Each structure stands twice: as C-alpha cells, then as structure tokens.
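A.B. asks: In case you want the letters, here they are:
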Amino acid sequence: MAKVTIDGIEIEVPDGTTILNAARMIGGKVVPPAMCYYSKLKKTGGYCRTCLVKVAQGSAKDPRPMPKLVVSCSTAVQDGMVVQNITSPEVLEARRGVVEFLLINHPLDCPICDQAGECKLQDLGYEHGLEKTRYEFSRRKFNMIDIGDKIKLHMTRCILCYRCVRVAEQLTDKRVHGVMNRGDVAEISTYINNVIENDFSGNVIDVCPVGALTDKTFRFKSRVWFAKPMDAHRDCKKCSGKAVLWMKEDEVLRVSARRDKNEEVEEFICNECRFEKKKKEDWVIEKPTHISRHSVISQNHYETIKPLKLGVGSQPPKPLLNNENNR
Amino acid sequence: MQALTTRAKVAVNKKMTFMERLYLPAIIGGMRITLHHFFKKKVTVCYPEEMRPFSPVYRGYHVLKRDENGAERCTACGLCALACPAEAITMTAAERKPGEENLYREEKYASVYEINMLRCIFCGLCEEACPKEAIFLTDRIVHTDYKRSLFVYGKDKLVEPADKDKRIDVSKRQTKSVLEFKSQPGFAHNTLYTKALKA
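Chains as they are written, first to last, in our numbering: chain P, 8 to 334; chain W, 1082 to 1280.
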C-alpha cells in the first residue's frame, strides 16, 4: 500500500496504482481529465496529455519533485508522493495549452456534430480552453468514411486517442491495424473495416471521446439533450443486455452502453442490442438514467416523477421531485 | 361600511328650477364637449394603411437568415429550442445531399423548423443562443388569425426570401458594440456584421 496526497487529500492505494486512478478513488474535482486513457481497455493512455499533473514530492524516500509535469494515467504512485492537480497554476496552464493543441485540427462544428452535449473535448475546451481559436491556418480535412452501414467515421474530428483501435484489438478479432501514417497526417485507417463483422464493433462509438465515430442509425435524429435516457435491459445471448435507451416519447432513437461515474462504459454491448433493437417492446425499461445536473442532458430530465397529489384532507401536496435530483 | 369612492352622490328628489327645466344650458354644455372633440387630433390609426411608429428594437416574429450566397444558415443545432423559455421552437434535422450546397450552408440543416407564435414570448433568447447567426427577431408583427394551428409558423414564413432585394435587414437592430464584437476575425463565418458596420 502507498500513501499519496493529491491536492491536499490523503489516500491509501495499492502499489502500482496510477495517479489518475488514485485521484478517481477520491473523486470530485481533483480527478484529472483524460481523453485517451480508458480503464476498461488495456494499453490506453499517454497520447493526449490532458491528464498532466505536478508531482511536488516524488516519494517519502526521495522527496525531490519530478522535473517535469507527468501524465497521471501512466505514472504509478509511490509511498509519500505529493501530487498537485487543480491546486497548481502550472498544471492548469499546461492543460490549457494541451487543449489548444487538441483543438488545432478539430473542427469547431459542434452545432452539427451528434456528439455535442456529451463530448469530452467540448467539456474540456469549455473548462480549460480559450474562448476562441488563435489558429488561422486551414485545418486538415478528410472525407467521411462509412465503417459498415451502421458506423460513420468522421476522421476530421478525430483526436487520435487510439481508444477505438484498442477496442478493435481487444474486443474483436481479425483486426490488422488501426492508425496509418505518423504525426500530422496520421489517420484511423480503413483497415478498421475488418471489425465490422464482429458483434462488438459498435462499441467504438461509445469509447470515442469526440464525434469522430458516430451511430449512423442516430445520425442527425435528435440532439442528445432532447432525448430522454432510460436504463433498460433485455435478454441477450451475446452481451449483458444492459443498456441506455435514448427516447423521445415512445420512440427509441439510440441505444448506448451504460456509463459509470468516470464516464466509461460499464459493460460493452453487442451490435444487435445497439443497432437492431429500436423498439420499446424489445426492452424492459427500469428507470431514467442518472444524469449529472451540470450536464446539458439533464435539461427537463426528471429521475423520479411522482404524480402530484393535491392535498387530500390535511395532507400537504407532495413535491414532484425528491432530493436525489439535486445531486 | 367604508365608501368605495368619494364621487358618490346622494340622490335628492327636489323640484327643478326654471332654468333646469329648460334643459338648454345642459344641451349646450353637452354639445360643447362634442364639438370640442371634432377639432381635436385623431387618436385612431387606420391600420394597416397607416402604422404606428415602431421602436427600432421592437421584437416581432423571427426570420431565418440566409448567407450571402443564398444558402440557409440554420444548421438545426437545437440551441434556440434549448434556450427558449416558452418551449415554442421545434425542429427536425436532415442531412444535406450532394448538390444542395447552394441551398444549405452546412452539412446538416433543418428540414422542419416551427415556432409556435402563441407560445413565443418574444424574449430574443433564441437570437442570443444562435451560433450561426441564423435566427433573428424582426419588427414584423404576428398577424391575427382564426385558427390556433395557423400560428405555428414553419419555414415557409420564417426563412427570408433568397432574392437579394427582398432580404430582411436586421443589422439596424444590433447595437454598435455587438456589431464590433461580431466583426472580429474569429467570427469570420459571418459577413453580416462586418457589412453592417461598414455601412
């Protein structure tokens, strides 16, 4: 076990835990943002540099600070380590620079993009970035690629986080490679086409932090904040069958996997559940999904709707919402 | 009980005097008031031939602007509907097909765009929310009608004509500071403000 202090909060974690995971155990604002690291997939992390933190004290044995900011997703904690995240102006400054670099080639087409509202890069840009771009040159552009008839690859929006490549590698078989070329001209190659036959290929949509991989069956159907997410399940032979239905009245617009508190997929779902079961009758609806009230998706989203009982006898009317919604 | 007004008079059944029985002074008094009104300035405005002067920032119904090439600016992002406190706006998005670049500015456009003018409170939050400078309030007023359904204005009424002479000018409604702010190079997608500032 190692004792580590992150932004003044002390926590004891098993040896070998990364700083990011230690911060996630604390939770709240001290968790560094991560665009590429995905705890459910192996070999992720280290590409995006948004999770940079400052190590003010290396360990109890060697209390010297680390000379540069380190990526928290792939740096293991040591006993007595002191980490600064949001308390260090240096980290925030560096992160702002990283966001600006990520946005250099990312088109500012959020009004068009289906991911808007649940996009991690949008959140990141809003929290750390500048109000407007300083970049004046033309951005790189690609033609849109259809990966099968259900997934759309909009390479222009890709930030090369490699998450989809890891999904293709670890969840599906018969995959050759994911990213072609290097540096500025790197792109997700169409070799990824090989995953379309696999039942779990649709998960690349869920792991994509931006709108580069989107669901074609949901394309331009609705903005995410107008759809109402509902937890639902069905008997599925291939996967757990636990999903979130994005509904508009009785119509199921989209099916996605459930997400945990780190916004990562809880259990990967199969393509049949995701793309083919688009009827309300196919599913058993449990309850409205919990949405953080800081998210735009929480707009008009009630988690418990109790019919208003107007005071019967001496009873006062009951409130429509319980306190759970105010989390 | 307390009196409701101070103007209440107690009716008395006293006998009228000779002058009062003539009625003439009362008639003349009444006619004086009537004739006085003949020579006063008329308060009636013969709408629609004649219009009352409007404030330059009067908030009437909306216009969906086109860009300088006549393509629709609206990209159905839904931010106006999100901002709308009266929930008056609904829209359906569609994808632009190849060859329709002169009709729609972006890859996505609103195939249906409806504003319920009975719900609309003309607050202008949609105009403020719009990232594409597509929706603006104008000084045009919503006309009366017989059916509720006729107050749901679709794209036929909202989108401005493509003809350059028939465009609806909204630049006069913007304050100078707004014009200056929006003509920054960062908002280069928008020539609307730069032109208005030069004019």
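Incorrect hints may have been included.
Restricting the straight-line Cα-Cα distance to at most 16 Å, the calculated cross-link-like pairs of lysine to aspartate or glutamate (EDC-like) are [to be verified]:
1. LYS159/P to ASP1244/W
2. LYS61/P to ASP116/P
3. LYS228/P to GLU1176/W
4. LYS1263/W to ASP206/P
5. LYS223/P to ASP1244/W
6. LYS148/P to GLU1188/W
7. LYS223/P to GLU293/P
8. LYS228/P to GLU1261/W
9. LYS75/P to GLU97/P
10. LYS245/P to ASP206/P
11. LYS245/P to GLU274/P
12. LYS235/P to GLU274/P
Some, not all, of what chain P presents toward chain W, calculated at C-beta under 8 Å [as the list claims (entries may be wrong)]:
13. ALA83
14. ARG230
15. PHE233
16. MET237
17. ARG241
18. PHE275
19. GLN306
20. TYR309
FYI, nobody ran anything at the bench for these hints, they're computed from the structure. All values reported here derive from a predicted model rather than from experimental measurement. Backbone N, C-alpha and C fix where the C-beta goes; we use that ideal spot for every residue, glycine too.
A.B. asks: For each hint, tell me whether it holds in the structure or not.
C.D. replies: We went through each hint and held it up to the structure:
1. LYS159/P to ASP1244/W: violated, 37 Å
2. LYS61/P to ASP116/P: violated, 33 Å
3. LYS228/P to GLU1176/W: holds, 10 Å
4. LYS1263/W to ASP206/P: violated, 48 Å
5. LYS223/P to ASP1244/W: violated, 36 Å
6. LYS148/P to GLU1188/W: Since the Cα atoms of LYS148/P and GLU1188/W sit roughly 14 Å apart, the hinted pair holds (cutoff 16 Å).
7. LYS223/P to GLU293/P: Given that 16 Å is the threshold and the Cα spacing comes to 26 Å, the pair is violated.
8. LYS228/P to GLU1261/W: violated, 36 Å
9. LYS75/P to GLU97/P: Within the cut-off at roughly 10 Å; holds.
10. LYS245/P to ASP206/P: holds, 8 Å
11. LYS245/P to GLU274/P: Distance ~12 Å between LYS245/P and GLU274/P Cα, so the pair holds.
12. LYS235/P to GLU274/P: Between LYS235/P and GLU274/P the Cα gap is close to 20 Å, so the pair fails against 16 Å, i.e. violated.
13. ALA83: violated, 42 Å
14. ARG230: This hint holds: ARG230/P lies near chain W, its Cβ roughly 4 Å from the closest one there, short of 8 Å.
15. PHE233: holds, 6 Å
16. MET237: violated, 20 Å
17. ARG241: violated, 28 Å
18. PHE275: violated, 28 Å
19. GLN306: With a minimum Cβ separation of about 6 Å from chain W (threshold 8 Å), the hint on GLN306/P holds.
20. TYR309: violated, 15 Å
Of the numbered hints given earlier, the model fails hints 1, 2, 4, 5, 7, 8, 12, 13, 16, 17, 18 and 20; all others are met.
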